[in-house]
Amino acid sequence: MKIRTEPLSEITIARYAHMRLALDFEPAYQREGGVWNRETRSRLIDSIVNGFDVPKLYFERATSRRTTEDGRIIQYAVLDGKQRLEAVGEFLENELRLPIDFEYFEDESVSAAGFTFAELQSAYPRLAQRILDFELPIVGVSSDSIDLIEELFQRLNAATALNHAERRNSVSGATRDAANALAGHALLSARSPIKASRYKHRELAAKFLAIEHQIDTRSGRISDTKAATLMDLFLASRGNPPRISAVDMARYQAAATAVLDRMAGLFVDDDPLLRSVGTLVVYYIVFRDPQLIASASRERLQRFEELRRLASRMDEDDPAFSRPANNRLREYNIFVQSSNDGGALSRRAEILEAYLKGYQNPDELAALDAVGDNESPGQDDLEDEN
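Here the sequence shown stands for residues 1 to 386, where the numbers follow full-length UniProt numbering.
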């Protein structure tokens, strides 16, 4: 395996504007766009106008003929620098303005604070041309190994705020493919109000795959869905041979898809019941049982949330405080703080499942009275790691 780098000279912003259609901004290892805030993007344009150096950008050379769905030929994939290129593109398209405190250091008489590119072209055409003539510091990268490309991506981003999901997305293999496919399911993209920014949906999908894998290989027991465990799941599906085969990962994906299909029919779009990652994972565990849908409804899930809040606010002098069912609801509340611990997730699922299966009027808590005690976690065990 080998990797080569060399400068790509004479790529000005004007030339970049013409070659954008030949760039792949979404290679599989790349992070999502839009991570930079507007002020940071504007400040980059400020630096370019004033002639300051900007950090290097890295383009992966296409080693084989690649075309997009609309027939465009791809010459390069953006390995590092996507946020900077997006900022430049937004400014050229008048979707981004110079900072409101912009100063042109070579000529203090220039008053262009808050200008768009079109406004700059009209008022200060030479300054606008200076932007178009700015040469971007681009390094071309070529390799005979996608593993080396992904390793370079991780190293280039080691000092930036890549989150766990973004790091996992740079690891190719069957797990990444399965997680990316599940992330597009309607339960996540439509039913849940959790936004997809920074791969949050892919993170949830990875948790579902981890649960399926653990149940399959640990005699039905869920260990955890912590970041290190999810990363190991991604690493386990690469290599020759991989520790988790593509066939097994396809089984886990199919099982997860079936669960999400069942759940999608139970909730509404942007459902507030699905706004918590931890609760969504508990629902996933519960509805792995296909028979449970028959005894479940959105109204009963909503009522369960109301009951557990009532139990948490109950005064100790209240005669109902010591009722076993209310103890179970308070236990559920305690375990909410352990959103990645397998034991906590399983116990929450057990309590919710008992409530749904045994629901009856007029005593809706009767089934929870029969659920046995369980040791609650100590403070050191409580975590909310993603």
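A couple of the hints might just be wrong.
[Said to hold, decoys possible] Listed below are the simulated SDA-like cross-link pairs for lysine to any residue, each with C-alpha atoms no more than 20 Å apart in a straight line:
#  : residue 1 : residue 2
1  : K200      : A183
2  : K56       : I73
3  : K2        : N240
4  : K200      : D269
5  : K200      : F52
6  : K357      : R313
7  : K200      : N240
8  : K226      : S276
9  : K56       : Y16
10 : K200      : G239
11 : K357      : T279
12 : K200      : K357
13 : K357      : R298
14 : K2        : A183
15 : K56       : G71
16 : K56       : V139
17 : K56       : E103
18 : K2        : G239
19 : K226      : I194
20 : K200      : L273
21 : K200      : D270
22 : K56       : D70
23 : K357      : D269
24 : K195      : S143
25 : K56       : E150
26 : K2        : T63
27 : K195      : L156
28 : K357      : Q302
29 : K56       : I194
30 : K2        : D144
31 : K226      : D144
32 : K357      : P290
33 : K195      : W36
34 : K2        : K200
35 : K200      : L260
36 : K2        : S143
[As the list claims (entries may be wrong)] Label pairs and their in silico Cβ distance ranges:
#  : residue 1 : residue 2 : range
37 : P324      : D289      : 17 to 27 Å
38 : N240      : E364      : 51 to 61 Å
39 : G114      : D289      : 39 to 49 Å
40 : Q337      : V268      : 46 to 56 Å
Everything labelled a hint here was simulated from the structure, so no lab data went into it.
Each residue gets a CB set at the ideal place from its N, CA and C atoms; glycine is no exception.
These are the hints, each one checked on the structure:
{"no.": "1", "hint": "K200 to A183", "in the structure": "holds (9 Å)"}
{"no.": "2", "hint": "K56 to I73", "in the structure": "violated (24 Å)"}
{"no.": "3", "hint": "K2 to N240", "in the structure": "holds (18 Å)"}
{"no.": "4", "hint": "K200 to D269", "in the structure": "holds (17 Å)"}
{"no.": "5", "hint": "K200 to F52", "in the structure": "violated (35 Å)"}
{"no.": "6", "hint": "K357 to R313", "in the structure": "violated (25 Å)"}
{"no.": "7", "hint": "K200 to N240", "in the structure": "violated (29 Å)"}
{"no.": "8", "hint": "K226 to S276", "in the structure": "holds (16 Å)"}
{"no.": "9", "hint": "K56 to Y16", "in the structure": "holds (14 Å)"}
{"no.": "10", "hint": "K200 to G239", "in the structure": "violated (26 Å)"}
{"no.": "11", "hint": "K357 to T279", "in the structure": "holds (18 Å)"}
{"no.": "12", "hint": "K200 to K357", "in the structure": "violated (31 Å)"}
{"no.": "13", "hint": "K357 to R298", "in the structure": "holds (14 Å)"}
{"no.": "14", "hint": "K2 to A183", "in the structure": "violated (33 Å)"}
{"no.": "15", "hint": "K56 to G71", "in the structure": "violated (29 Å)"}
{"no.": "16", "hint": "K56 to V139", "in the structure": "holds (7 Å)"}
{"no.": "17", "hint": "K56 to E103", "in the structure": "violated (24 Å)"}
{"no.": "18", "hint": "K2 to G239", "in the structure": "holds (17 Å)"}
{"no.": "19", "hint": "K226 to I194", "in the structure": "holds (19 Å)"}
{"no.": "20", "hint": "K200 to L273", "in the structure": "holds (17 Å)"}
{"no.": "21", "hint": "K200 to D270", "in the structure": "holds (15 Å)"}
{"no.": "22", "hint": "K56 to D70", "in the structure": "violated (30 Å)"}
{"no.": "23", "hint": "K357 to D269", "in the structure": "violated (25 Å)"}
{"no.": "24", "hint": "K195 to S143", "in the structure": "violated (35 Å)"}
{"no.": "25", "hint": "K56 to E150", "in the structure": "holds (17 Å)"}
{"no.": "26", "hint": "K2 to T63", "in the structure": "holds (13 Å)"}
{"no.": "27", "hint": "K195 to L156", "in the structure": "violated (26 Å)"}
{"no.": "28", "hint": "K357 to Q302", "in the structure": "holds (15 Å)"}
{"no.": "29", "hint": "K56 to I194", "in the structure": "violated (34 Å)"}
{"no.": "30", "hint": "K2 to D144", "in the structure": "holds (6 Å)"}
{"no.": "31", "hint": "K226 to D144", "in the structure": "violated (33 Å)"}
{"no.": "32", "hint": "K357 to P290", "in the structure": "holds (12 Å)"}
{"no.": "33", "hint": "K195 to W36", "in the structure": "holds (16 Å)"}
{"no.": "34", "hint": "K2 to K200", "in the structure": "violated (33 Å)"}
{"no.": "35", "hint": "K200 to L260", "in the structure": "holds (16 Å)"}
{"no.": "36", "hint": "K2 to S143", "in the structure": "holds (6 Å)"}
{"no.": "37", "hint": "P324 to D289: 17 to 27 Å", "in the structure": "holds (23 Å)"}
{"no.": "38", "hint": "N240 to E364: 51 to 61 Å", "in the structure": "holds (55 Å)"}
{"no.": "39", "hint": "G114 to D289: 39 to 49 Å", "in the structure": "violated (58 Å)"}
{"no.": "40", "hint": "Q337 to V268: 46 to 56 Å", "in the structure": "violated (27 Å)"}
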